[in-house]
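**Student:** These are the residues of each chain, in order.
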Amino acid sequence: MDKLMLTKIDRRTFLRNTAAAAGTLSAGGLFLGLGNTATAKADSAFSPNAFLHIAPNGDTTLWCGRCEMGQGISTSLPSAVADELEADWSRVTILQGDADEKYGPQATGGSRSINTMLEPMRQAGAAGREMLVAAAAATWGVPAAECEAKNHFVYHKESDKRLGYGELAATAAEQPVPETPRLKSRDEFRYIGKSLPRHDQGAVVVGERVYGSDVVVPGMKYGAVMHVPVLGGSVKSVDSSGLGDLADRVQVVTIDRLERPYGSLGAVGVVADNTWIAQQALNRLKFEWDRGPHAVYNTDSYKAELVESVEAPGTSVSERGDVDAALESAAVSHAATYVGGHLSHSPMEPMASCVDVGDEHCEVWASTQDPAGIQETLAAFLGREKDDITVHVMAAGGAFGRKFMCDYVHEAAALSQAAGAPVQLTWSREEDTRTGYYHPCNAQHIAGSIDSDGNVSGWLHRAAFPTIASLFDPTNTGPGEREMGDIIRQPLAIANFRAEVGEASAHTRIGWWRAVYNIFFGFAINVFVDELSRKADKDPVEVFRKMYSDYRGEGEENARRALAVLNKAADMGGWGREVPDGHGLGIAVHYSFSSFTAMMVHVEVDGDDIKVHRVDCAVDCGLVLTPDIATAQMEGAVIMGIGLALNTEIRFEDGAVVNSNFHDYPVARIGNTPTEINVEFIGQENTSTGLGEPGVPTFAPALINAIYDASGKRYRSLPIRGSA
Amino acid sequence: MSNTITINGETVTIESDESMPLLWYLRDTLSMKGTKFGCGRGLCGACTVHVDGRAVRSCLTPVSSAFGKSVTTIEGLSEDGSHPLQLAWLKHNVPQCGYCQAGQIMAAADFLSQNPSPTAEEIDSAMSGNICRCGTYVRIRKAVADAADQMEKADG
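Chains as they are written, first to last, in this note's numbering: chain X, 1087 to 1810; chain A, 191 to 346.
Heads up, some of the hints might be wrong.
[Stated by the list, open to error] Restricting the straight-line Cα-Cα distance to at most 30 Å, the calculated cross-link-like pairs of lysine-lysine (DSSO-like) are:
hint, chain 1, residue 1, chain 2, residue 2
1, X, 1624, X, 1799
2, X, 1632, X, 1799
3, X, 1243, X, 1280
4, X, 1247, X, 1270
5, X, 1697, A, 343
6, X, 1270, X, 1243
7, A, 332, X, 1697
8, A, 332, X, 1236
9, X, 1799, X, 1697
10, X, 1236, X, 1247
11, X, 1270, X, 1322
12, X, 1697, X, 1624
13, X, 1280, A, 332
14, X, 1621, X, 1632
15, A, 281, X, 1280
Note that these hints are calculated values from the structure, not bench results.
Using the sequences and the hints given, assemble the complete structure.
**Tutor:** As structure tokens, this is what we get:
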């Protein structure tokens, strides 16, 4: 996760940088066709930093620097600016910032947008508010302390005088930028915690929201690509003789593999006047591939090797106490092996971008999670400077980690360069499914014990899976201490513990996938606690409670918070209540990405038919900015969890993906949806942390535990139904 | 009739590539980007539009099969975004990324025109062809049911 571990920004540097960047704002945003209100003359407008601009008429523009993919960040972060600014939300237009360091780190992943950017956003808004107050005070010749900002006006408290933000803009621009603006106390919040609707959902329901696949620029052509099917393979030959009547309507372009983590796998592309002709031409080409060294990759046998690996001693990466002695001497011990398959992100918008490679400059419009990554990748591909690459960050039609990697943008650039025109490239669903960056298949083996006092006395946790580090170093042979960190850091009181890893070289591109390794860590830990507890004739909730309550040392606070969400979910769902025959209850709790979630699932099992009636989710991600959007994140995590628990797996044969589209990669549909999903947020006194990912790890184990409760059938391998 | 289609009330003439799916004709030839590409195989519903009022998957509908017919896309579902489904989608804050929602709304609009008082099971069944990867299904259910209620009130 190094790439996503963004350094905490020094506040003063941040405010200085963003202030220095003011004045270039009118060129900053791009939502095609939606207009930019920031066209007022710079000398009469107010723009103290990169995130806000107030025009002389009071119209206010806020910029979101993080990438929007459905998680709502382009509403929640600007709402924090508006709150501190005391802006009237109805006067606010939100624009997405282009790739630019003035916005701070824009790489959007690791559930870190709120952790990283909330404080700077509040600072940006508060600085603006204090400068507007100072402007009013100067205008009236009164002390600033006698003035108060409120909902787009500054009031003089001792008289009935007031000035609007537009009227104050020019004078505010002359005020010094405060180094330490006062941040509001929580009782002063106007928008934070109040569930503003997404700022752009009105555009969604009339079909006007512009995604990376929707960009139209003059002279633009359309592209289609077919990739080399195997990692490390190459295009041996392309036979165009079958093009027939399309021969003079298309240009066929070979795209070489770019030896960078986010570059193309290698592909054959076609450029045409529309996507349909490009796809038709692609279908008429005949390819010969050199399949390369990874053509040996078969997931069925590879997973069997991973299982063999974790069922034998591995390399220890973390140890405390004497786990072997504990397991041997315990009253009750248990061991189990858990397996998971590769997953594809499969956002509804396949990989898409538009690129215009000019003689000196290159302009990109892309659905992306990492605009700076696009700049770096294209700078390397084109042999240009990063600053010569302009990246407009478009709305992403889902991403889930996939759009962090920009191979599709590199390909659009290659097609544009060959065609001498802007090219809009949208991958087919088949290419999206077959040539992605996948969540790793994995195996884990846990041996654990409970002593006569009911303590979990021993826990040996072995894991083997290909890692994301293999993207950056293909010789990587599997997880180490860093990858195992989210197991080791669970705040569970276990006196004797050892984490071991097994070897696992990557034969495909492994990528970040919503919640990453925590998906299978959370699964194995929670299913194992359920198994071990039942074997010891104990309630798994009681066993978890004891492990959290007894936890001492680093992260003690985390144990308290994890316990609280567990208790809350158990309370919401009525843990221990009677259910009809064929119904069952299951629970899971996990700490990941600095947040805590617990879920309780009520399921009905009738033969092969699995019906989730109800899910109760308790969450502690600190203070919640936009509760309804946060609730939606948890609802989405449940649905994504249903798909990966029941149905979806990417399988490889002879190095290539077997699946192709939604018929053999059956993500959850409305019929799989629980009747009821309840979400509650606790611990709001804590500092705000992310929620894009932490909901995912708890659903599958809670479901699998509930299925056991209902039917006595224990699933240890996901998905429980094969998909391809 | 011949080679013309009425799209959101405007008549267009198709000059060539009659086998092109309506989806790509809308998106690439007419630059009407509200209708989305999701799978190209009629599996996900993102491309749903109406032909003579009935929901079809535009990715599998040759443009020629709409000759002489009337096509409605999300851009033309209502004049000002005030179709009861559009309003219900906003009331329940349905969209996350929003990409599939045009198809969801178009599928639901045809469904409610045929079944104005659906049961929960009928809503699930009618919407089962439309995938939302963000997982907004709980809210889609609520919004479709709510829109049905609103339409019934307006008619009553």
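**Student:** Within a Cα-Cα threshold of 30 Å, do residue 1243 (chain X) and residue 1280 (chain X) meet the stated pairing?
**Tutor:** With a Cα-Cα distance of about 27 Å, the restraint between residue 1243 (chain X) and residue 1280 (chain X) holds, given a limit of 30 Å.
**Student:** Residue 1624 (chain X) and residue 1799 (chain X): Cα distance at most 30 Å?
**Tutor:** 18 Å, holds
**Student:** For the pair supplied as a hint, residue 1247 (chain X) and residue 1270 (chain X), is the alpha-carbon distance within the 30 Å limit?
**Tutor:** Since the Cα atoms of residue 1247 (chain X) and residue 1270 (chain X) sit roughly 23 Å apart, the hinted pair holds (cutoff 30 Å).
**Student:** If you draw a straight line from the CA of residue 1697 (chain X) to the CA of residue 1624 (chain X), is it 30 Å or shorter?
**Tutor:** Within the cut-off at roughly 26 Å; holds.
**Student:** Compare the distance between the alpha carbons of residue 281 (chain A) and residue 1280 (chain X) with 30 Å, and conclude whether the hinted pair is satisfied.
**Tutor:** 15 Å, holds
**Student:** Just to be careful, I want the Cα atoms of residue 1799 (chain X) and residue 1697 (chain X) compared with a cutoff of 30 Å; is the pair within it?
**Tutor:** 15 Å, holds
**Student:** Next pair to validate is residue 1270 (chain X) with residue 1322 (chain X); report whether the Cα-Cα distance is within 30 Å.
**Tutor:** At roughly 63 Å apart (the allowed maximum being 30 Å), residue 1322 (chain X) and residue 1270 (chain X) break the hint.
**Student:** CA of residue 1697 (chain X) to CA of residue 343 (chain A), is that 30 Å or under?
**Tutor:** 33 Å, violated
**Student:** Holds or violated: residue 1236 (chain X) and residue 1247 (chain X), Cα atoms, limit 30 Å.
**Tutor:** 13 Å, holds
**Student:** So if I understand the rule, the pair passes when the alpha-carbon distance is 30 Å or less; does residue 332 (chain A) with residue 1236 (chain X) pass?
**Tutor:** 36 Å, violated
**Student:** Taking 30 Å as the top limit, are the C-alpha atoms of residue 332 (chain A) and residue 1697 (chain X) close enough?
**Tutor:** Since the Cα atoms of residue 332 (chain A) and residue 1697 (chain X) sit roughly 19 Å apart, the hinted pair holds (cutoff 30 Å).
**Student:** Taken at face value, is the distance from the CA of residue 332 (chain A) to the CA of residue 1280 (chain X) at most 30 Å?
**Tutor:** 21 Å, holds
Going through the hint list in order, the structure does not satisfy hints 5, 8 and 11.
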